[in-house]
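Q: Protein chains in written order, with our numbering: chain A, 1 to 320; chain B, 1 to 350; chain C, 1 to 439.
The set of hints was computed from the structure by calculation and includes no laboratory data. Keep in mind the model is a prediction, meaning the values are calculated, not measured. Any given hint could turn out to be false.
[To be verified] Pairs of lysine to aspartate or glutamate residues, derived as EDC-like cross-links and limited to a Cα-Cα distance of at most 16 Å, are as follows:
hint, chain 1, residue 1, chain 2, residue 2
1, B, K64, C, E325
2, B, K64, C, D87
3, A, K267, B, D265
4, A, K267, B, D267
5, C, K198, C, E325
[Said to hold, decoys possible] Partial list, computed: chain A residues near chain B (C-beta under 10 Å):
hint, residue
6, P82
7, L106
8, L147
9, A150
10, R152
11, P154
12, E156
13, G160
14, M206
15, G207
16, H215
17, A241
18, A255
C-beta atoms are modelled at their ideal positions from N, C-alpha and C, and glycine is treated no differently.
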Amino acid sequence: MAANGVLSAEDLRLYFRTNKGPVQAVDGVTLSLRRGRTLVVVGESGCGKTSLARAILRLLPRNVETYAGHLWLNGTDIMALPEERFRREIRWVRLALVPQGAMNALNPVIRVGDQVAEPLLVHGRATSLGEGRRSADEIFRQVGVPLDFADRYPFELSGGMRQRAAIAMALVTVPDVVVLDEPTSALDVLTQANIMNVLKAIKRDMGTSFILITHDIATSSEIADDAAVMYAGQVVEVSQAGDFYRAPLHPYSQALMASVPTLHETKALGFIPGRPPSLIDPPRGCRFADRCPMRFSRCSEEPPLIRVDEHRQVKCWLHA
Amino acid sequence: MSPAGADDILLSVRGLHTWFELRRLGFVRVGFVRAVDDVSFDLRRGEAVAVVGESGCGKSTLAKTILGLHLPTQGEIIFDGRPVHGAADLRWYRARVGYVQQDPYGALPPFMSVQRILDEPLLINGVVHPAERLRRIQRILDEVRLTPVEDFLPRYPHMLSGGQQQRLVVARAMILEPKLILADEPVSMLDASVRVEILHLLRGLQAKHNLSLIYITHDLSTARYFCERAFVMYGGKIIERAPIEDLLQAPRHPYTQALLAAIPDPDPANAARLRDVPPGEPPSLLHPPAGCRYHPRCPFVIKGVCDVDVPPDFEVGAGHRVGCWLYREAREGVPATDAPERAWGPAPSS
Amino acid sequence: MSRALAELRHYPSALAGLGIIVLLVLMSIYAVLAIPYREAIRLWRGGETLWLDTPRNALPIWMTLFRPDLPRTIVVGSRGALRQEEDLGGGVRQVTLTLAFDYPYSQVPDELGLFLETEAVQRLPHAVLFWRPPDGSEIQLNEFTVDPHEVYRISADARLQRDLGGPPEAVLFTDAQNPSRVLRGRHQLIIKAFLFEKTSDMRARLVVYGKAHGLAGTDHLRRDLMIPLLWGAPIAMAFGLLAAVGSTLSTLIIAAVGVWYGRWVDGGIQRITEVNLILPGLPILILIGTLYSRSIWVILGVVILLGIFGAGIKTYRALFLQVKEAPYIEAARAYGAGSLRAVFTYMIPRAVPVLIPQFVTLIPTFVFLEASLAVLGLGDPVLPTWGKVIEDAYSKGALFSGHYYWVLEPAALLMLSGLGFTMLGFALDRIFNPRLREI
């Protein structure tokens, strides 16, 4: 499993310590990203997908209880790296993040161009701000931000432009992998389409591999090569985009697909009764069992991630 | 348009303008933000209408003006035959219009229990007897499926899930037995699987109580679920209105076309192509472009026409009207061209 | 709310603070019950006659733990004493009273005083006083005509002091040959009284003042310091609480009203606040105290008035500006809520998480303010408060004279109450404002 693809995670765990007990936000996630491809991780709120992004980038808060498992980047076990080496060599150098709400996380008192140039200066890729700005301008062109916008402050830009600036900031060091956490959820439809175009162009021109985390299944199909579904801290299905969007296997994925309203075809909408389980004391056995219309006796035992074919895995006894 | 007060028309909006005055330093007048700029429509009893548009198009301001939260700068709103702003006290009107907001948690006072939240509208509107209030509360909680009712009465908003919170918001909107519900992006902050629940609930309530519904959204795909008609707003104006299936099958306004082209269905083929998105940004409502608000971004712009005069509504089909100069022939009964000539821009790739 | 209080369990500082506050409340309750208000004022303002039997500036009794030889006060009355009567003829009687007592201490007493009671008649009795220390010698002290309520301060008798060659309480109690050795044992005061009228009689009370008295010691007017220390608690707490409530509530309401109505109302309130913030509070209080009235009610009123448009307005305004934009306020307007309801039922409750910790930490500010005013000499003239004790101590040079307890006791109580409220307030702040919490 080790050197599979540009980024692989095996049994990744991230638990947080809280007053009420440990929150098992990421509970044994195994997935891999092949070079030049985009993996979308879809799931609803509370399934742990944002924690997954944090776990991959090792951006951990103070109340971490468990951070374990394996994470390989280009064959190197980056979980084993000490903090300082990880910061210098991996984070934002080979692995970058566009966090949720990034367009609102830009520093309001620094010009946009300077902010995008900053990672270059921090990691020694540029020795002066001028040099850094020149590289930043390159990236601005790639993401479609007009160069004269680089001298403006974030509040002078629209939401879409700010999001492009945030993406530029993640790309400026030309990393191998960029993780994007809900990059378009706060944006309008047209702006969303624009940003997706930007990502598609980057993918084509720079060959960057993406992990796109979102709850919006329709938008995720815009860029997905592979898809993984998360539920209650675990990955329940992994497959290629074509298979996933046309015929998902896991009952949760099916229910999720059925609940997405479509514009260009008529279908009856379904919804999933009940609520996802709490991550503090997750139930034994399959975590989706009590909401699953197809549960049976074996579901009281936790299913493993079963390989259905070369590129498909499902965490469900129905495919054993 | 049918005359206001005709039996089946519940709400009639005529020439509505909501402009906000912008001042610098408190007294230097800069101009007006024309959030709602000459909007007119009729809403029948029991009809559900979607108002679609992006942020900055004025749809939220339209909603708030209809709710009476903003005073219209010009124009009138007539509800059930009665002018809304005729008398100073809007209490009679407020009791007949329910409001469902976007943010379920923000819409609920965090320090009040479910019972208290539902008591408030009743108390304000003169329902004094505790027994009567409790009865109505129980009934409405039952209708929105927050059952068992006794379990929910003492709970606080933070103890409810997103879906349950939104149900409570719907319950609060319904408790005064309104005739019109105004829902402003009611599901956009909810998870995918929960959205359907709420949409389903709204549809059920609408059918059961013969409610009129104005559903404001930027996501047309949800509007389809229970709305019969749709209005597309851009730059403070309604630029296209049609029965929803017509709008989806044959959008006329270039903006509507662009909007529909930009909304993805979950289809793996999407990843293979770039979408054709109109350049530019939505117009400033403070200094809107002259003439048609969309003309700076429109690939079919007609110089000398679109940038000079605001297009009136042209009828292009049964109940289907477009505010676009491309259809000016249609006024004389001649159907508009189906594939208008592009003035510039790439041909759509498909 | 209740879950917030339950959270307090996790904060040791909060529990300590709460403990202190409970202690203060118990003290206050005890003070009010054991020494009712009227009684307290009477004792505090009563004057010397009420405190005749207590020593001046005595240390607290528990100091004997550290200095076991501190003498306690001994009172010897004539009632149980030896009395001999002799008729001298011609209507004159001689009554000899022997007031005897055992002196067990190894230090001389602080003071000696004799109180004589006799009937008010035409011809007052004449008394001759002798002292008989344990070694058997006899020393004449004085002789004089006895007034109906005669107070003879043996220690203050300058002539006796000259005759004895030193302070009477020292000389009478030490060995003449070895002045450093204190005479322990049986001492006697012999009063030979000559009564000239049939109705005359004499009652005597000898007070051998010790150096320790009461749980808190005494002050320069011989008053037991427990009274102002105990009563200081309810007064300080009441003042602090009333001032805090008065200014906080009004600040809250004014800020909310200003934010709700906006424009001119808000602007006006902000300008008034800014002017008020510039006004110097303490000098104004000093002015009022000096020129108008030092009554604690007047001072409380001025403090509240100055506090209404205080800095809190800015804080609450910032909070309310955010709250006003909340969707539920909009929804309330949509279902017909009026301005009054919006402000009081929907906006103000949101301030409670900020209000409660601020309120609790505000209380000691006012307690200290009241004490400061008292130390400056502007305290309430009637009430026994901690500040008053410090003021007395300061003006009588307590630290020069070595009467540290006089300053330390009220100071300690002030600090303790400040500490209690502040610890509780900080913990409440962490509970109500989770962002301050360290996970």
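Q: Each hint needs a verdict: does it hold in this structure or not?
A: Each hint tested on the structure:
1. Simply put, K64 of chain B and E325 of chain C have alpha-carbon atoms about 14 Å apart, close enough for the 16 Å limit, and the pair holds.
2. Only pairs whose Cα atoms come within 16 Å are accepted, and K64 of chain B paired with D87 of chain C is rejected, the gap being roughly 112 Å.
3. Restraint check: the Cα-Cα separation between K267 of chain A and D265 of chain B comes to about 12 Å, which is no more than 16 Å; the hinted pair holds.
4. This hinted pair checks out: K267 of chain A and D267 of chain B have alpha carbons roughly 14 Å apart, not beyond 16 Å.
5. Distance restraint check for K198 of chain C and E325 of chain C: the Cα-Cα separation of roughly 95 Å exceeds the 16 Å cut-off, and the hinted pair is therefore not satisfied.
6. Because the closest C-beta pair between P82 of chain A and chain B is about 38 Å apart, greater than 10 Å, the hint is violated.
7. About 18 Å separates the beta-carbon of L106 of chain A from the nearest beta-carbon of chain B, more than 10 Å, and the hint is not met.
8. Taking 10 Å as the C-beta cut-off, the interface hint given for L147 of chain A is violated, the closest approach to chain B being about 16 Å.
9. Given the 10 Å rule on beta carbons, the hint for A150 of chain A is violated: about 18 Å separates it from the nearest Cβ of chain B.
10. The criterion of a C-beta within 10 Å of any C-beta in chain B is not met by R152 of chain A, whose closest approach is roughly 14 Å, and the hint is violated.
11. At its closest, the beta carbon of P154 of chain A sits 16 Å from a beta carbon of chain B; the interface hint therefore is violated under the 10 Å criterion.
12. Against a cut-off of 10 Å between C-beta atoms, the interface hint on E156 of chain A is violated, since the closest Cβ of chain B lies about 12 Å away.
13. The beta carbon of G160 of chain A comes within 8 Å of a beta carbon in chain B, closer than 10 Å, and the hint placing it at the interface holds.
14. Violation of the interface hint for M206 of chain A is found here, the shortest Cβ-Cβ separation to chain B being roughly 15 Å, above the 10 Å cut-off.
15. At a threshold of 10 Å, the smallest CB-CB gap from G207 of chain A to chain B is about 15 Å, leaving the interface hint violated.
16. Taking 10 Å as the C-beta contact cut-off toward chain B, the hint placing H215 of chain A at the interface holds, the least distance being around 6 Å.
17. Using the Cβ-Cβ criterion of 10 Å, the hint placing A241 of chain A at the interface with chain B is satisfied: the shortest such distance is roughly 4 Å.
18. Of the supplied interface hints, the one on A255 of chain A holds, with its beta-carbon coming within about 7 Å of a beta-carbon of chain B, less than 10 Å.
Of the numbered hints listed earlier, those contradicted by the structure are 2, 5, 6, 7, 8, 9, 10, 11, 12, 14 and 15.
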